[in-house]
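Residue numbers (my numbering), protein chains in the order written: chain A, 46 to 446; chain B, 21 to 268.
Keep in mind the hints are simulated off the structure, nothing from the lab.
Simulated pairs of lysine to aspartate or glutamate, EDC-like, Cα-Cα distance not exceeding 16 Å:
id, chain 1, residue 1, chain 2, residue 2
1, A, K193, A, E96
2, B, K110, B, D196
3, B, K146, B, D156
4, B, K155, B, E143
5, A, K264, A, D323
6, A, K264, A, E253
7, B, K25, B, E82
8, B, K75, A, E253
9, A, K343, B, D98
10, B, K38, B, D28
11, A, K165, A, E154
12, A, K129, A, E116
13, B, K110, A, E334
14, B, K75, A, E334
15, A, K343, B, D72
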Amino acid sequence: MHKQKIHRRILDKITEKLLTLSGALTSIIIVFISVFLFTEGIGLFNTPDIEEGYALYVNSENRIDNLSPEETKQIFDAEVTSWKAFGGEDVAINVFRLDAIFNFYSENELGENYELLPEKLGEVISREKGIIAFLPNEYAPQGLQVRKLETATVTLEDYFLGTDWIPTATPAPLFGVLPLVLGTLLVSFGAMIIALPLGLGVAIYLSELAGNRERKLMKPLVELLAGIPSVVYGFFGLVIVAPLVQKAFNLPVGETALTGSIILAIMALPTIISVAEDAMRNTPLGMREASLALGATKWQTIYKVVIPYAKSGISAAIVLGIGRAIGETMAVLMVTGNAAVMPTSFFESVRTIPATIAAELGEAPAGGAHYQALFLLGAILFVFTLIISVSAELISKKRHS
Amino acid sequence: MIEAKNIDFYYGNFQALKNISMKIEPKTVTAFIGPSGCGKSTFLRIFNRMNDLIKDTQMEGECLINGQNIYDKSINIDNLRKDVGMVFQKPNPFPKSIFENVAYGLRVNNMGDKSFIGQRVEESLKDAALWDEVKDKLNKSAYELSGGQQQRLCIARALAVKPSIILMDEPASALDPISTSKIEELIHNLKNQYTIVIVTHNMQQAARVSDNTGFFMLGELIEYSNTKKMFLNPEKETTQNYITGRFG
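Given only the sequences and the hints, what does the whole structure look like? Please build it.
This is how it looks when you write it as structure tokens:
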């Protein structure tokens with residue numbers, strides 16, 4: 046008898062500890078993930094803004110000290126052809142990459158293991174006044190007339206306000222996340238514009254107007270919609286919605302922000318419907334009866350009593366819907382066309398943050414600037430969802446008190 | 021004047037009311053008593069057609085209010101319910117401010133402009149003996165009030181649309197004795213203006229507040245008479261047994 050009691054006690058204690066442990070573990074994992082995102086990403090701002098292991102060299106008579114990544118890109122894309130544009134002399138820019146050395150010297154002249162290469166490079170640079178050479182550090186040119194351009198690190202401004210996302214450009218990759226951030230917001234916003242009225246409408250119908258039979262039929266259907274893998278939605282979007290959008294608006298391509306919004310809206314619907322419907326069905330019968338007993342119509346009761354009563358649940362539904370839309374990756378990756386340009390309308394291709402991460406992380410060398418830039422994108426996404434859930438929490442708290 | 025004629029009521033196959041007829045005079049308080057499940061609440065909800073909300077129910081018979089059958093097809097239920105107010109067992113204020121709770125019935129029925137509503141809200145709260153307690157916090161949530169205050173708020177809410185009849189379904193059963201006595205006092209004062217029908221579990225309460233009492237059992241109206249007579253000298257033995265506490 047006594048022994049049994051001790052056993053029970055020990056068992057209770059163990060269960061209690063296990064539960065505490067799992068709670069603690071979950072919290073630790075969440076904290077770990079967010080810290081991990083930021084620490085992996087934050088290094089970006091200590092990374093030089095040109096490709097790692099390389100540097101830019103100019104003739105020492107050149108007055109330019111440094112170039113921003115944007116300017117570097119313009120030079121190497123031959124969009125700018127004179128140093129005058131950056132405040133230098135009016136000398137034509139001569140872009141030089143390592144392989145161009147063979148235009149000046151034969152392989153034999155560079156030594157057996159290219160040990161003469163730095164010297165020869167120095168000679169070339171010294172001769173050409175307008176030259177800019179993009180060279181690996183191991184062959185850093187030597188010569189009196191050679192000057193290395195100072196490299197800056199990636200700045201916050203370049204990253205957060207930059208309008209070009211060209212992470213693989215050489216010599217200077219561009220990590221402007223603005224087009225991705227705006228693309229994400231645009232697609233999610235569009236999705237919400239479509240999904241909220243539709244979702245709340247269906248939720249009201251199911252909880253207030255539908256008979257038992259309709260509800261029994263529709264609820265499982267709606268919930269089934271939530272179980273469809275997102276890649277299948279992507280297929281559907283690509284094959285059905287994109288051509289429809291293309292035809293309907295007479296566009297050159299169907300993979301647009303609008304297509305993404307439509308697919309996301311469909312994907313967010315089940316969450317919005319079931320959470321909002323549950324909230325509305327939880328409105329006590331007494332509350333409805335009180336309203337009807339005062340001569341209110343059914344519809345007045347719905348929008349003056351049921352919806353206000355359920356508003357914290359409804360805002361939870363909205364937040365979960367937005368969360369789904371902002372974080373959704375696969376389907377969006379498939380249907381939005383993935384053009385990392387500043388979005389100007391719903392009828393153009395855009396690229397979202399999650400799609401960018403999914404598409405590029407595999408190719409980004411671990412620890413490199415591109416990799417770090419992607420992690421920071423993840424952190425931005427994390428901050429977005431954090432802001433949404435915190436503000437929803439605040440709204441429902443404020444309304445309740 | 022309420023007149024029920026041969027009312028039968030069914031929940032699915034279960035007959036909850038059996039051939040009940042009753043007349044209720046205007047500006048009186050009528051109490052319905054009886055053991056749980058006797059049909060007294062169901063009968064009360066006949067008068068404002070609240071039972072319509074429950075699925076799979078069926079009613080037979082006639083219920084006349086001021087000479088008109090409220091179950092006639094031509095009747096507008098919303099107007100009927102405006103005229104027949106109801107107070108429920110559990111205080112059920114809306115998730116709105118105190119003011120908006122009382123103004124609700126006026127707003128949904130499009131009664132009057134802003135100043136009229138303000139005036140009527142004040143009147144109703146005074147009639148419900150709540151004004152002095154809430155006049156400084158009309159914009160606070162109704163949920164900040166105590167249970168007893170909430171129930172008086174619900175009464176004020178019912179009064180605001182000026183019904184002629186007020187139905188009360190065990191209005192004090194969830195309240196403490198002090199709040200209960202306040203509600204009873206209120207019922208006493210409201211009698212001058214309204215016809216009140218109250219369902220109660222508490223026989224002392226029925227004896228204190230009502231002019232007439234109906235005793236229900238197993239869906240039948242066993243006895244219906246003047247309250248004093250019912251409690252002092254009931255006609256039926258079952259009534260006698262119930263009010264003396266032998267069962268129930």
